[in-house]
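Q: First to last, the sequence lines map onto chains A and B.
When the first sequence is numbered by the working numbering, its final residue is 261 and no position is left out of the sequence of numbers.
When the second sequence is numbered by the working numbering, its final residue is 261 and no position is left out of the sequence of numbers.
Worth flagging that the hints you see were computed from the coordinates, not collected in a lab.
Check each hint, because a few of them may be wrong.
Identical copies look the same in the list; a pair holds intra-copy or inter-copy alike.
[What the hints assert, rightly or not] The calculated EDC-like cross-link candidates involving lysine to aspartate or glutamate, where the alpha carbons are at most 16 Å apart (straight line), are: (1) Lys193 / Glu246; (2) Lys202 / Glu260; (3) Lys154 / Glu133; (4) Lys193 / Asp20; (5) Lys37 / Asp156; (6) Lys46 / Glu260; (7) Lys193 / Asp241; (8) Lys84 / Glu132; (9) Lys125 / Glu21; (10) Lys125 / Asp166; (11) Lys37 / Glu18; (12) Lys84 / Asp156; (13) Lys127 / Asp166.
In case you want the letters, here they are:
Number of protein chains: 2
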Amino acid sequence: MKWCRFQVGNKVAFGMVEGDEVVEVSGSPFETYQATKSRHPLSRVKLLIPCVPPTFYAAGVNYRAHAQWAATVGLAASPNPPTKADIGYRANNALIAHEENIVVPKDSLGVVEYEGELVAVIGKKAKHLSREEALSCVLGYTLGNDLSERTWQKQDRTLWRAKNTDTFKPMGPWIATGLDPNNIDMTIRLNGKVVSQFNTGKMVFDVAHYISTMSHYLTLYPGDVIWTGTDNATGPMRPGDVVEVEASGIGVLRNRVVAEQ
Amino acid sequence: MKWCRFQVGNKVAFGMVEGDEVVEVSGSPFETYQATKSRHPLSRVKLLIPCVPPTFYAAGVNYRAHAQWAATVGLAASPNPPTKADIGYRANNALIAHEENIVVPKDSLGVVEYEGELVAVIGKKAKHLSREEALSCVLGYTLGNDLSERTWQKQDRTLWRAKNTDTFKPMGPWIATGLDPNNIDMTIRLNGKVVSQFNTGKMVFDVAHYISTMSHYLTLYPGDVIWTGTDNATGPMRPGDVVEVEASGIGVLRNRVVAEQ
């Protein structure tokens with residue numbers, strides 16, 4: 001099942017994607033919902049970010065090959081991934097939907113790079129979940145592109161502008177349910193050319209481990225998102241480029257890069 | 001003017017604090033509002049956190065004496081404050097209101113310390129504000145206590161549990177308007193005894209500087225909060241303690257510390 005959030009005219013609603021149509025619902029997948037009689041052609045709705053997170057979590061470095069690459073380019077002191085599942089944060093201001101433009105600020109010193117990721121979307125309030133129970137609070141999975149301005153990432157004390165500049169967090173296109181988060185094939189393409197491929201089974205700490213660890217100290221809420229990291233080297237994007245993050249069982253998150261006017 | 005958010009029975013509303021009464025409004029100070037005919041004794045309403053932030057910003061180290069102290073106790077590598085206004089983040093799960101309990105997890109290795117802070121609350125959507133324009137997007141100011149578990153702060157790669165464990169971010173009691181953020185007297189008390197006093201005029205980077213810097217790259221939204229850091233040494237709190245953060249022109253944020261059951 002695929003849950004989207006969309007706009008038609010001035011109306012914002014959740015919907016179920018069925019083939020090339022969206023079945024509009026009243027309510028939301030995070031509370032209660034009921035299918036309405038409204039169906040819209042998928043091509044005629046504007047897809048929005050599939051949820052607005054109360055808290056926006058991000059795992060950071062969570063694949064071995066990416067950790068090694070990060071050390072070779074001076075983004076990390078060690079080529080080893082973290083030894084504990086210490087979650088990080090991103091900011092809602094930076095979120096954009098599928099097909100919205102990534103805007104590179106005029107004063108970016110470059111380079112801005114893609115980081116395609118699997119995103120777990122929390123569906124139920126949860127605390128103190130065991131590893132075995134952990135995935136029971138997940139509604140489903142969507143895709144994220146954790147764009148990173150590498151000069152700012154090296155210069156600044158925090159990731160505020162390197163990773164949280166407006167438009168730097170594409171998320172979507174929708175939330176797919178019923179997936180095994182440990183076996184999803186991820187493909188990142190730049191202008192149609194494959195630039196990275198990996199399977200989510202290679203995460204250092206998997207989704208269940210993160211959720212059980214986090215929920216020992218904090219309450220997860222419906223709509224919270226956990227971005228789970230990217231694998232491999234990443235590469236630069238320039239204005240005019242189109243970047244796509246694709247996952248088996250989910251779909252494609254596509255965004256164009258433009259320069260700030 | 002003092003804006004609170006409160007609950008009476010099952011109803012949640014914004015209100016204006018007038019003496020020992022709350023004038024209930026329809027709408028909110030972040031959009032449009034209208035005073036209703038309902039007035040409640042302040043002592044009979046449950047105060048809630050004064051807003052639910054879309055993004056929860058925190059300045060971190062922003063006073064010289066605190067930076068020096070942090071270095072002496074091994075929390076910072078350098079006794080100098082940051083040279084740039086690189087904002088950080090906290091998490092909504094951790095927010096609690098005035099008079100709600102701070103719960104120290106069973107497995108805390110200690111110590112949990114207070115950090116009383118001035119908090120700027122954004123009232124209007126804003127981007128690309130100059131220093132001169134910066135404060136025009138601020139609705140008002142409230143208080144925060146940036147509780148920190150110092151062992152986790154030293155052990156972990158991020159601040160996720162050191163500063164964002166559930167209940168570790170008391171915020172309130174309400175939002176006061178019309179204040180000069182550069183001249184507020186802050187007093188922190190533990191069990192009635194003053195443990196820290198400072199004036200917000202001693203911030204390394206003031207509120208206007210943070211807002212103009214941040215808004216160059218990111219859009220600020222109504223309800224976003226910017227915690228501005230604490231001064232001086234901080235100290236430990238134990239179950240049974242009562243911690244208060246007081247500010248001239250705002251009021252008192254009071255919370256009791258309890259042990260997790």
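Q: Take the hints in turn and mark each one as holding or not.
A: Hints, verified against the model:
no.: 1; hint: Lys193 / Glu246; result: within (12 Å within a copy, 58 Å between copies)
no.: 2; hint: Lys202 / Glu260; result: neither (36 Å within a copy, 36 Å between copies)
no.: 3; hint: Lys154 / Glu133; result: neither (38 Å within a copy, 30 Å between copies)
no.: 4; hint: Lys193 / Asp20; result: neither (25 Å within a copy, 66 Å between copies)
no.: 5; hint: Lys37 / Asp156; result: neither (51 Å within a copy, 51 Å between copies)
no.: 6; hint: Lys46 / Glu260; result: neither (23 Å within a copy, 46 Å between copies)
no.: 7; hint: Lys193 / Asp241; result: within (11 Å within a copy, 60 Å between copies)
no.: 8; hint: Lys84 / Glu132; result: neither (19 Å within a copy, 44 Å between copies)
no.: 9; hint: Lys125 / Glu21; result: neither (30 Å within a copy, 34 Å between copies)
no.: 10; hint: Lys125 / Asp166; result: between (28 Å within a copy, 13 Å between copies)
no.: 11; hint: Lys37 / Glu18; result: within (14 Å within a copy, 49 Å between copies)
no.: 12; hint: Lys84 / Asp156; result: between (24 Å within a copy, 8 Å between copies)
no.: 13; hint: Lys127 / Asp166; result: between (31 Å within a copy, 10 Å between copies)
Taken one by one, the earlier hints fail for this structure at numbers 2, 3, 4, 5, 6, 8, 9, listed in ascending order.
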